[in-house]
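Engineer: Protein sequences, first through last, are from chains A and B. Take the first sequence: its letters are residues 7 to 255, numbered as in my numbering. Take the second sequence: its letters are residues 2 to 331, numbered as in my numbering.
Heads up, some of the hints might be wrong.
[As the list claims (entries may be wrong)] From chain B, some residues computed to sit far from chain A (all C-beta separations above 10 angstroms):
hint, residue
1, Trp40
2, Val43
3, Val50
4, Val152
5, Gly173
6, Leu218
7, Val242
8, Leu300
9, Ile322
[To be verified] Some chain A residues near chain B, calculated using beta-carbon distances under 8 angstroms:
hint, residue
10, Leu58
11, Asn81
12, Asp82
13, Phe91
14, Tyr141
15, Ala158
Keep in mind the hints are simulated off the structure, nothing from the lab. Values in this document were obtained by computation on a predicted structure and should not be read as measured data. Think of the CB as a built atom: it goes at the ideal place given N, C-alpha and C, for glycine as much as any other residue.
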Amino acid sequence: MSLLRFEDVRQSYGAEEVLRGISFEMDRGDVEVVIGPSGSGKSTMLRCVNRLTEVDAGTIYLDGEAITTPDTDVNDLRRRVGMVFQDFNLFAHRTALGNVTLGLEEVLDYPREEARTEAMAQLERVGLADQADSYPAELSGGQKQRVGIARALAMDPELMLFDEPTSALDPELIGDVLAVMRDLAEEGMTMLCVTHEMGFARSAASTVSFLDGGQVVERGPPARLFESPANERTGEFLERLTSLHGGEQ
Amino acid sequence: MSTEAADEPGEPATARGSVGVELGRRPLFYAVLGPFWAWLVVRWVHDWVLAPELNVTARETFFPTASLVAAGTTLRGAGAPAPVAGLLDWLAGGMDFVALGVEALPQLAAGAWATIVLTVVSILAGLVLAVPLSVARVYGGRAARYPALAVTELIRGTPLLAQLFVLYFGLGLTQYVREVPGVGVAVLPDTAVVVALIGFTINSAAYQSEYIRSALLSVDSGQLTAGRAIGLSKVDAIRHVVLPQGLRFAIPGWSNELVYLIKYSSLASFITVRELFFRAEEIGNATYRFVEVYTVAALFYIALVISASAVMSYVEGRVAIPGLGGKGRR
Ligand SMILES: Nc1ncnc2c1ncn2[C@@H]1O[C@H](COP(=O)(O)OP(=O)(O)O)[C@@H](O)[C@H]1O
Ligand SMILES: [Mg+2]
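Isolated chain B, as found in the complex (with noise of 0.2 angstroms):
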């Protein structure tokens, strides 16, 4: 009777925004993100399976702008009077721009690589990770409850760049990771980026713990009464019971959470990861054409994040319950 009504979730108050959730359900997206996703991996496996000898900035990048550019010094070279000139001059500077963001567009396809490696690898391991804490925040005895809560409020209280700091810098995390067996070879070319990760999935665990918390409490308590009444212990009645809803109310939060971190994977930039925005920084650095190049970027932020939700809402429906949250079906 009750139970529908009482299960609907509310919005996670630790929710740090909804950007991009929206927009990946429409169809007119798809149109620009099939082509952009199909150079990507051209791209890849162009840059590390097909020519892997040449390193990333010596990479000619697949639409040549010599024309382009050869037709914007004509345009300044016309000589035309001045109104016109003005406006040639005008569409010059618009031909530099595209002819810029299109060099920039190997290395920031690299750069993209390692922001999605980031982006992936820790939020799965920050669910691993967030799942037990949260648990133990809303079902686990005094021994449980406060080390959960203290982690998960140090983590959220403190900024996340100085948390990589902290593991980079403060703890010299790098110098042990050096020992582990795989970095430095092709699978974890960079230490610095498994210190990102460690640090993203820690930070990630702590919100993500937050969202599922939410989640599981708004899991009616009588599903946990039944699952003991059957006899399942608590654990199992968790786990075979609770969970399964709960991670399923968690999933908007979750959007929310994924999106969240493919942005804030930039701050890996100042602790040498050279992700999507240091590679930005470097053609900056190296043009002085830091508008151009920055906004080429931000395109590929835009078009990860919307690429996120579209999977998002994707997963979403695909584990939809009736009755159960999820999309159009209630």
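The shape of chain A in the complex, shown without the other chains (with noise of 0.2 angstroms):
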């Protein structure tokens, strides 16, 4: 059975619709890239898979459950399903350890130590257990995001969303956070990513989600879609895309 599944999902703010019938599956494990132009729904999408936004319609299911229903624990739900975001958001009053240790102790009820140890491992893992006791504004750009991917990894989501994690890096900062999600996807961690890292998703990514006007235009494995789209709009994009960043890394 697929891990989640969204299920002609659509979004509306106001008169403009967002998401405009949104189906497609993905099972445990898998690392799905999702592309699109700015606009698109891309950030949509994914808060609507954690309810930071309501669908008006259609249904997404984790792990076969239907979780857009009235009567889903919504805050269950978003210690199951982690979020890495673009301008990171870490909790500006507590130190990279601290910003881990909060939902360890306030939601899965961590006594203070143990909080302490799985926090230190979880930095251990995205390789910043020396800066455990630095503030956000003391941390560069990838350090914080890489708290941010700690933070989430720590309520051991079954699922984990990144919306545009390494668009606010600066471009020698950007391959430490793409090294840390490539190793959770070569974990097995299920994966939800919206990047326009084409590296990172030739690499990594199962399939590649291109989305344009709120619906996924086209869908496919990277090589398949890079090399070959098979829409005119996809072709477009990727070859703004490349043109823009310059080529692959």
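Hints given; two lone chains; assemble the complex.
Structural biologist: Below you can see the structure in the form of structure tokens.
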């Protein structure tokens, strides 16, 4: 059974329909990369999965269970679905370690010491154990984002959502974050990633979706979609992306 | 990326002013404030612990003024020629001035205690009320937002003195207060004090909730989202993520409120609370030397205000977090 399934999901802000019937599914361990122009609804699509945004029609299933129903336990859903933000959103008043322990202590009810141990293990995983006592303002963008990933991983999620995790980063810092994401993918984490890092998509993605105007215009394995896009709009978008980024890394 | 810049809170639009906040950091002032507080504490301990059987007006000052007064009399009676006599007269007047000020000190010390208690208790109790009020304003649904708004505007829109009068004369709160255990004995010697505390607490809660509200609004909205995204309930996310940041942003406004409350607490004299201003007025009425005694009382207020500012600077420094407001650590 698929881990995540969208079934004709629609969402509007006022009169503007942002998601216009999204359907797809991904299996446990899949890495789905979503690409698409700005405003095409990529963020909205991710936010529907953990109910930061409510869908207007259609259903999203997590592990076979509808999660867009009124009686879904939203807090529990969010515990099960980790999210990594474009602009990090680290808790500014807490150290790197404190960012990771908050959910452990307040959501999972870990005792203080155990939360600390677990959080250190997560920071270790993203290569930041030595920055445990730094505040967000004292970290580089790449470090912040890795703390953001550790914070989400600490909740032991079944699915991770990444919303352009590297697009706020200086180019030289992107690599560290992508490396952590690659490791995660190799460990078998199920990941739904909005990213325009085509190198990452090529090497880590099981499937790439091209979203435009609130619809999945084209979907397929990265090699096929990048080399021979079937849809005209996909081709145009990829061309612009390549010229903008100056090719692959 | 944008978080550092976006988090910077503006000066809250509701600030009543920023008097004294700057002064609190100069070492020179500690040289004056140190002895002032040392004397004040010794005075309180002496008057209420060591010699409680005397009433305040009977209390002797620690600094005898007899020689000063005598010197003044001598100068006046010296019979010097005209221009010199004028100068001597003027000197003698200065000595009388100081003498009266010094004689007023024991009573003003007692009044300062009441002023400090009124201020500290009201600001802290006000904070306890202001936090839920401001959270209701910012994050509450209609049912919470509008009542909170109404209460805040009602209190901020009417004079504090009128509020005290309503509590004291209008509602006759003293009757009920007298029933409360502890009132009338040493802890709360005076029912009027309790009424004043209630009035100041409510008033300060309204102002503080405005400071905190604008501080909460300056917390980046992504913070709450991130809190919710790890599974925190809205209340928990506000409590553990938004409030710790918002309350830090509110410290400068809060310091102003503290400074204002010190001065506004003098309004309690209108409902017979024997705080600093009341004592000064009492002495003035008895001696007709209003200028002298009000000058000394003003010095007391200035000392209290600067001390409060110094304490708040210290607190602000202690809770400062890199990148999150605070002084010099941005
Ligand atoms: N909170 C919101 N209120 C109103 N419109 C929104 C909101 N969030 C997004 N939108 C609109 O929805 C559309 C899709 O936004 P988004 O999902 O953020 O796109 P993307 O992430 O692909 O750039 C955009 O046109 C945007 O203006
Ligand atoms: Mg987006």
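Engineer: Could you run down the list of hints and mark each one as holding or not?
Structural biologist: The hints, checked one at a time:
no.	hint	result
1	Trp40	holds (40 angstroms)
2	Val43	holds (41 angstroms)
3	Val50	holds (42 angstroms)
4	Val152	holds (29 angstroms)
5	Gly173	holds (46 angstroms)
6	Leu218	holds (15 angstroms)
7	Val242	violated (6 angstroms)
8	Leu300	holds (39 angstroms)
9	Ile322	violated (5 angstroms)
10	Leu58	holds (6 angstroms)
11	Asn81	holds (5 angstroms)
12	Asp82	holds (7 angstroms)
13	Phe91	holds (7 angstroms)
14	Tyr141	holds (5 angstroms)
15	Ala158	holds (7 angstroms)
In summary, the structure is inconsistent with hints 7, 9 from the numbered list given earlier, while agreeing with the others.
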